[in-house]
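All chains, full assembly: derive it from the sequences and hints.
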Amino acid sequence: MKNNSRPLYMVPYYLWIVLFVIAPIVLIGYYSFLDLDGKFTLDNYQNYFSSVYLRLTLSSFWYAFLITFFSILIAYPTAYWLTKTKHKQLWLLLIIIPSWINLLLKTYAYIGIFGLYGPANKFLSMIGIGEQQILFTDFSFIFVSVYIFIPFMILPIFNSLDKLNPALIDASRDLGASSWMTFRKVVFPLAINGVKSGVQAVFIPALSLFVITRLIAGNKVITLGTAIEQQFLVTQNWGMGSTIAVFLILFMFIIMMATGQKDKGGAEHGKVK
Amino acid sequence: MSDTPIIRFENVTQQYEGAGNVLSNISFELERGKFYTLLGPSGCGKTTILRLIAGFITPTTGDIYIEGKKVNHLPANERQVNTVFQDYALFPHLNVFENVAFGLRIKKLKKAEIDRRVKEALEFVNLKGYENREIQEMSGGQRQRVAIARAIVNDPEVILLDEPLSALDLKLRTEMQYELRELQQRLGKTFIFVTHDQEEALAMSDEIFVMNAGEIQQSGTPIDIYDEPINRFVADFIGESNIVSGEMVADYRVRFANKEFDCVDAGLNPNEHVEIVIRPEDLEITTVADGKMAVTVDTQLFRGVHYEISTLDEAGNEWLVHSTKKAEVGSLIGLAFDPEAIHVMRLNESEDAFDARLEAYGEMANEK
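Chain order of the listed sequences is A and B. So the first sequence is numbered by the numbering used here: it starts at 4 and just counts up by one. So the second sequence is numbered by the numbering used here: it starts at 4 and just counts up by one.
In short, the hints are calculated from the structure, not lab data. It cannot be assumed that every hint is accurate.
EDC-like, lysine to aspartate or glutamate: derived pairs with alpha carbons at most 16 Å apart [as the list claims (entries may be wrong)]: (1) 188(A) with 265(B); (2) 295(B) with 355(B); (3) 89(A) with 20(B); (4) 122(B) with 158(B); (5) 87(A) with 165(A); (6) 37(B) with 134(B).
Computed, partial: chain B to chain A, Cβ under 10 Å [unchecked claim]: (7) 54; (8) 59; (9) 78; (10) 89; (11) 107; (12) 110; (13) 154.
Chain B is nowhere near these chain A residues, computed Cβ spacing over 12 Å in every case [to be verified]: (14) 54; (15) 64; (16) 65; (17) 86; (18) 104; (19) 105; (20) 132; (21) 134; (22) 184; (23) 235; (24) 240; (25) 263.
Predicted model only: the values in this text are computed from it and were never measured. Glycine included, C-beta positions come from ideal geometry on N, C-alpha and C.
Encoded structure:
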């Protein structure tokens, strides 16, 4: 397939990569070494390792972890159930459709739902619990985030479960494994790539959430994303914002590598990529 | 104990939603330690029987017994039965050793015991030294052996084989036929082998069940089935056959192709309409004067071991001849055959009636 002469139609691709991938990363790297006056400095990196930013990073990871964890908890059984239904494609479409709607719109909808006079509180007072502060809590932040991210977790898990050769499950049962053992020793390890892809699609964006933190969590939750936004827009410290962005990119690469796929399981039944 | 059949089907019917009967009222018994083959075209229900024995499905009506115990609702993991699957169904995330050890690990055996038994099973299928290979690194034939080792290592009473040779090339397939047969005799276990390949069935089995459209057409030893097919389907499915219609004139006398011939069949009504089977290798080319039938050579194919010659008689019936002798296309030749070569099939005869008739005149023939 490889040709010595690079064909002309590759030009837009390279142009895109240079302009929108390489150039921004180089710029971020460059700005991260500048102080407020535009002079070269390493202070930003030193600052990052101060307790404030480290705590911020840790809390960002913690929230991303919670969001990912609850997404898997809901998505795995859902995906499993989806593979067993008759109208797989229809159900799948219903799950995908919400992900086509703008994130902001969905977030605003939740402000209404969780607000003091919203249906959630109406329901709570109806069953006698009484009105609660739901908005601007950890709960509402994680709930809405999970809601937003769940299709991105269901899809890859569904794909890897659906690709599983049903004869393997028969074989496991035939060799004496109960249904739980079959799940643990055959289904789960073979569909692990779907979970890994799902973690990539949820954990990494969850690290840099900022619209939901602002609107639903009322800035009580600060993630790497909110920190970057504030450095750029509020304190106008582009150097510090870029430094945090550099670390965010680093974390992304580390997570990508940690969830990298050996591509073993699906080899015989279509590649899992 | 050895008197109870290892597997018994009693009036088993299997239906799938919206798809009529896959099996219709099947009953049979299998003896311990024999090599059985379920033979039939695709969709005849042979794999369904295998899945019923393995416990992947439960019969719609009827009962299944393993060692005299009713097992209709016993789940697959609690049956003393192991399967070699059509596409092997080896676990791609485990290496050869772990694939074979899977069943033993489920049983929580000691590590030393697992080691010993896996090694033994791999040795049995000539895969010593392949323990640490990945499944992806194994060839089709080797995967086949791993699948067999994975089944036999659990020491099951019955081993089910679902068209295990269909993915292999011809040479390997023939080799594996010998190996499987030998393996079965060494292990002394009951093998139930499913195939649509009649040569495979004839070469390996103690007993063959020929199936069509959810029913067992005929069961018996390979020789029985080849020499005495019960009906047109069996005759056609097992080997190549010349099938023409004829009439019984009297006992041991049959008419077809506008002529009367001596035969070895009896117990039918005079003038009963029957079908005649003569195998192509039972027809011999001779001169018109010496032959029992005169035919014109239509086409001739060289098949390596023999010539396949298609001929036509005066009545318009086609006669296929397998002969090492060459014939001239377009020439008139004679066909000679023994009375034993003529197999008379009654129309719509059940297997029981067929067996009874065969036995009756067999005794008569012995008394003579």
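Going down the list of hints, with the structure as the test:
1. 188(A) with 265(B): violated, 66 Å
2. 295(B) with 355(B): violated, 33 Å
3. 89(A) with 20(B): Status holds; Cα separation ~14 Å.
4. 122(B) with 158(B): Between residue 122(B) and residue 158(B) the Cα gap is close to 14 Å, so the pair holds against 16 Å.
5. 87(A) with 165(A): The given pair, whose Cα atoms are some 9 Å apart, holds under the 16 Å limit.
6. 37(B) with 134(B): Violated: residue 37(B) and residue 134(B) sit about 30 Å apart, past 16 Å.
7. 54: Holds, about 8 Å.
8. 59: holds, 6 Å
9. 78: holds, 7 Å
10. 89: holds, 8 Å
11. 107: Holds, because the Cβ-Cβ distance from residue 107(B) to chain A comes to roughly 9 Å (cut-off 10 Å).
12. 110: Holds, about 6 Å.
13. 154: Hint holds; residue 154(B) Cβ to chain A Cβ min 8 Å, cut 10 Å.
14. 54: Answer for residue 54(A): holds, closest chain B Cβ roughly 44 Å.
15. 64: Check passes; 29 Å lies beyond 12 Å.
16. 65: holds, 32 Å
17. 86: holds, 18 Å
18. 104: holds, 38 Å
19. 105: holds, 40 Å
20. 132: holds, 45 Å
21. 134: It holds; residue 134(A) is separated from chain B by about 51 Å at its closest Cβ, greater than 12 Å.
22. 184: violated, 6 Å
23. 235: Non-interface label on residue 235(A) holds, nearest chain B Cβ at 45 Å vs cutoff 12 Å.
24. 240: holds, 49 Å
25. 263: At roughly 16 Å from the nearest Cβ of chain B, residue 263(A) sits farther out than 12 Å, so the non-interface label holds.
Going down the numbered hints, you'll see the structure goes against 1, 2, 6, 22, while the others check out.
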